[in-house]
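Protein chains in written order, with my numbering: chain A, 242 to 664; chain B, 103 to 624.
Hints may be right or wrong, so weigh each one.
As the list claims (entries may be wrong) - Computed list of lysine to aspartate or glutamate pairs in EDC-like fashion (alpha-carbon distance at most 16 Å, straight line):
id: 1; chain 1: B; residue 1: 530; chain 2: A; residue 2: 610
id: 2; chain 1: B; residue 1: 255; chain 2: A; residue 2: 257
id: 3; chain 1: B; residue 1: 233; chain 2: B; residue 2: 252
id: 4; chain 1: A; residue 1: 644; chain 2: A; residue 2: 610
id: 5; chain 1: A; residue 1: 254; chain 2: B; residue 2: 252
id: 6; chain 1: A; residue 1: 254; chain 2: B; residue 2: 155
id: 7; chain 1: B; residue 1: 530; chain 2: A; residue 2: 313
Said to hold, decoys possible - Only some residues are given here: those of chain A computed to face chain B with a beta carbon under 10 Å:
id: 8; residue: 243
id: 9; residue: 263
id: 10; residue: 309
id: 11; residue: 424
id: 12; residue: 426
id: 13; residue: 427
id: 14; residue: 430
id: 15; residue: 563
id: 16; residue: 565
If you are wondering where the hints come from, they were derived from the structure by calculation, not from laboratory data.
Cβ atoms here follow ideal geometry from the backbone N, Cα and C, with glycine treated the same way.
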Amino acid sequence: MHIIDRRLNPRGKSLENRQRFLRRAKDAVQQAVRRSLQNRNIRDVLDGGEVTLPIDGMAEPSFHRGEGGLHDQVLPGNRAFVEGDIIPRPPGRGGGRPKEAGEGDGEDGFRFVLTREEFLAVFLDDLELPDFAKRRLSETEEMNPIRAGFSVSGSPSNIAIARTTRLAMMRRIALRRPKPAEIEALQREIEECDSEEKRLLLEAELKSLTDKMRRIPYVDPVDVRYRRFENEPKPVVKAVMFCLMDVSGSMSEHMKDLAKRFYLLLYLFLSQRYEKVEIVFIRHTEKAEEVDEETFFYGQTTGGTLVSSALAAMRGIIAERFDPTEWNIYAAQASDGDNSYRDESATGHLLQHEILPLCQYFAYIEVGEEESDSSMSSSPLWSLYESIRSELLPLAMRKVCRKNEIFPVFHELFQKRQAKATP
Amino acid sequence: MTKVARQKERLLFDGADWDFATLQRIHDACEEIALGELGLDVYPNQIEVITAEQMLDAYSSTGMPLFYRHWSFGKHFAHHEAFYRRGMRDLAYEIVINSSPCISYLMEENTATMQTLVIAHAAFGHNHFFKNNYLFKLWTDAEGILDYLDFAKGYITRCEERYGEVAVERTLDAAHALMSHGVHRYAGKTKVDLRQEEKRQQERRVHEEQVFNDLWRTVPTGPKRNATDIDIEKRRAALGLPQDNILYFLEKSAPRLRPWQREILRIVRHVAQYFHPQRQTKVMNEGTATYVHYKIMERLHERGQLSDGHYFEFLKSHTNVVFQPAYDDRRFSGFNPYALGFAMMRDIERIVTNPTNEDRDWFPDIAGKGDAMEVLRGIWADYRDESFISQFLSPRLIRQWRLFQLHDDPEIDEGILVSAIHDERGYKYVRRQLAREYDIGWTDPGIDIVDVDLAGDRRLLLQHRAPNDWFLEEHEAKLVLQHLADLWGYDVLLQEVDDAGGVVKEHVAHPRHALYSDRSVA
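From just these sequences and the hints, can you work out the full model?
This is how it looks when you write it as structure tokens:
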């Protein structure tokens with residue numbers, strides 16, 4: 242008898258099959274992920290989780306019998322029946338035998354657990370940052386070795402054999418290095434030669450040939466070539482996303498929740514998709530402050546509203562850290578649309594003349610109460626932005642009132658576009 | 103030494119923990135009883151300790167330690183995993199593979215008692231059954247199966263590299279759909295030898311390459327013979343029709359398949375054939391294993407190798423395993439093969455050792471013979487579920503289980519008739535009907551390939567015999583038929599024929615040629 246401990250075997254033996262299944266079920270999974278987003282806490286999204294897939298499209302059909310027809314069946318546990326009894330058929334079925342639990346083939350959907358990576362991959366599949374224009378050669382970081390011809394020096398592992406032998410052959414031909422066959426032929430001739438005089442002549446010739454052969458090596462260090470590589474800097478896309486959130490007193494818990502959900506989606510999307518995207522979190526009441534993500538999402542503050550303060554803060558940070566000639570700048574602002582009346586002109590001016598010209602894309606999300614309609618009457622901020630909006634400015638505006646609208650709106654804002662974004 | 107200490111000495115283990123030395127001790131103790139006292143005959147054992155995840159892996163690839171890759175296994179894995187994670191379903195304690203050496207998987211979470219139970223159950227009970235039952239002897243090749251699966255996995259991977267994953271996947275999808283109709287139901291002349299399969303595949307290929315001569319293509323053939331010359335009967339005989347093994351027929355005769363596709367059909371067919379005996383012996387197989395583990399555990403306890411506490415732990419899970427809810431119980435989902443099998447084995451033991459007059463009337467051959475194990479070993483070797491039940495289900499057990507038979511005729515509007523119960527008049531009917539429910543020749547739809555219109559449009563004609571108006575489930579039948587047409591390469595017609603021989607329904611499918619890329623021509 243052998244005992245084998247298999248527990249240490251590499252895990253994920255079924256991974257390959259699982260991926261094949263996912264590939265096959267891709268559309269179904271995508272739909273299911275969208276659906277599942279509507280009714281779960283957004284924090285859970287980070288952990289992946291269960292989605293319910295409709296089973297069709299992945300059916301494994303087989304020949305089997307349908308319902309109907311004449312049936313006999315033996316069952317255990319008779320209590321009161323005697324031979325000849327007639328039992329009324331269970332209601333709701335036209336005929337056929339009593340259906341037992343677990344017998345039916347009505348498997349209309351089954352639950353499927355996606356890992357976090359799988360979930361996000363499906364979830365963010367067709368999204369991107371629009372208008373990724375400014376690609377800059379970075380100063381240092383990413384270098385990409387590319388082939389750059391040959392060199393006479395280098396590491397032995399990079400020796401270019403074909404090139405080296407070609408050069409050696411050229412040199413041998415050019416210097417008329419005697420071929421081994423020629424020498425052999427000469428040697429044979431010497432052996433067969435009977436005239437002493439001629440033999441001496443031939444031997445002299447042989448000597449000169451062998452000398453020459455020794456003088457001219459088969460492969461000379463001059464022939465050796467190495468493959469040369471040059472490090473080429475990789476173009477790195479630098480992008481920054483500003484998240485501006487209104488946390489003032491007029492924002493109800495529901496609105497804050499909506500806004501946070503939106504930013505979580507955004508955060509998730511950026512951190513998963515783009516390695517090199519900086520994210521700046523700014524929250525504002527009557528004054529704005531830059532905060533870390535923890536505070537941004539879970540912090541509690543409240544106060545009045547001055548939208549311009551956030552825009553000013555953003556402008557300051559851009560001036561300080563993100564050179565607009567190098568960085569692709571994006572911003573997403575969420576607010577209930579309230580703004581103090583005296584702040585309106587300042588906000589409008591800041592946005593139109595200072596922020597938008599620097600931005601690749603500026604998305605404005607207006608959050609509303611759950612009962613209200615998405616086509617609610619215009620808030621001060623909405624009207625202001627509406628007046629600024631023009632074909633030339635990269636400003637997009639959406640309203641969101643209910644949780645289940647978050648993802649569609651988000652998706653609309655960041656879906657892949659063929660042409661330039663037309664907000 | 104005190105008495106208690108001496109008793110302790112004899113115990114195989116104490117507490118729930120175990121290590122490999124414990125497993126070895128348990129195995130040796132079980133072996134002593136199994137071979138020495140029960141007279142079992144087993145393949146060498148190989149015990150593998152695995153994790154829950156590996157158990158799920160094994161579940162989804164039909165329990166085999168290695169298998170080719172296909173998305174459907176991923177689907178099953180996801181399915182099982184989801185149930186398991188939500189605690190809706192426990193994993194099996196073990197999986198055992200009909201191979202030599204006989205591989206049993208033990209879950210690492212099991213307690214020492216459970217490991218003992220599992221070793222007795224799988225490594226001796228199932229193992230003995232695999233080695234001795236005539237169906238397994240006839241249809242499976244325990245020595246060769248693992249090598250064959252290894253070959254199959256490698257072959258299919260190579261096909262994927264050469265012909266593309268998609269083409270291979272489609273072929274496998276189609277083959278899987280027909281898997282239930284890819285077994286030989288009647289024994290051939292030769293014993294299966296899976297070890298030779300890989301060699302035979304290579305030889306076929308080499309032979310084809312050797313005899314290939316492009317000149318033959320250019321040799322003018324004589325004037326075309328009139329189609330009517332070909333006698334229908336002759337044609338059917340040449341194609342081996344009627345043929346119920348659809349995969350076999352396609353492998354041999356489908357005109358448009360590439361050689362690698364034929365080989366894939368062959369692989370799927372072999373796998374189906376390998377599992378064919380297991381489908382016919384669920385009750386017997388589990389009954390044997392359960393009876394054996396019960397006997398072994400009982401003896402271990404009697405010999406003082408198993409403490410009372412551990413014996414109770416065993417009895418608790420044993421009772422769960424052999425629990426049979428009544429038909430009106432919420433938990434009822436058909437007969438539990440463990441329960442039925444175990445009850446019948448115990449009943450036979452009783453008939454052999456301590457028969458009543460009724461038993462003597464019903465079972466004159468075995469009643470009072472004395473040696474229960476000898477009789478049981480004979481039964482385990484020579485029967486399958488259907489014949490086993492129709493021979494050995496005793497009136498006493500029918501009464502004990504209160505079995506009754508329902509007759510559901512759609513013509514009778516009042517309802518379902520109770521046609522037999524556990525009384526003198528009913529025993530025979532109940533027994534015959536129950537046996538029938540385990541006869542896969544009766545429960546599986548019988549579909550034959552009956553004709554091919556070779557002279558005309560090459561349409562393949564199949565017939566489904568539908569006694570008692572048991573017609574095929576239409577939606578799935580259409581899907582399967584589509585796969586069949588894709589493999590065959592021409593139209594396929596499936597007729598459903600009732601008792602009187604009249605055609606009641608027809609299904610047609612047309613091939614989708616685009617599905618199989620022609621890249622393999624070269």
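Now the hints, each set against the structure:
About 73 Å separates the Cα atoms of residue 530(B) and residue 610(A), which puts this hinted pair outside 16 Å; it is violated. A threshold of 16 Å between alpha carbons decides the hint, and for residue 255(B) with residue 257(A) the separation of about 13 Å falls inside it, so the pair holds. Note on residue 233(B) and residue 252(B): the hinted pairing is violated, with a Cα-Cα distance of about 22 Å set against a maximum of 16 Å. With a C-alpha separation of about 11 Å, the suggested pairing of residue 644(A) with residue 610(A) holds against the 16 Å cut-off.
For the hint pairing residue 254(A) with residue 252(B), the CA-to-CA distance comes to about 15 Å; that is within 16 Å, so the pair holds. Distance hint between residue 254(A) and residue 155(B) is fulfilled; the C-alpha atoms sit about 9 Å from each other, no more than 16 Å. Between the alpha carbons of residue 530(B) and residue 313(A) the distance comes to roughly 14 Å, so the proposed pair stays at or under 16 Å and holds. With 10 Å as the threshold, the beta carbon of residue 243(A) comes within range of chain B, its nearest partner Cβ sitting at about 5 Å, so the hint holds.
A distance limit of 10 Å between C-beta atoms decides the matter here; for residue 263(A) the minimum to chain B is near 7 Å, and the interface restraint holds. Because the closest C-beta pair between residue 309(A) and chain B is about 6 Å apart, less than 10 Å, the hint holds. This hint is violated: residue 424(A) has a C-beta 46 Å from the nearest C-beta of chain B, more than the 10 Å allowed. With its C-beta approaching chain B no nearer than about 44 Å, residue 426(A) sits outside the 10 Å limit, and its interface hint is violated.
At its closest, the beta carbon of residue 427(A) sits 49 Å from a beta carbon of chain B; the interface hint therefore is violated under the 10 Å criterion. Checking residue 430(A) against chain B: minimum C-beta separation of about 50 Å lies over 10 Å; hint violated. A least Cβ separation of about 44 Å between residue 563(A) and chain B goes past the 10 Å threshold, and the interface hint is therefore violated. Using the Cβ-Cβ criterion of 10 Å, the hint placing residue 565(A) at the interface with chain B is not satisfied: the shortest such distance is roughly 47 Å.
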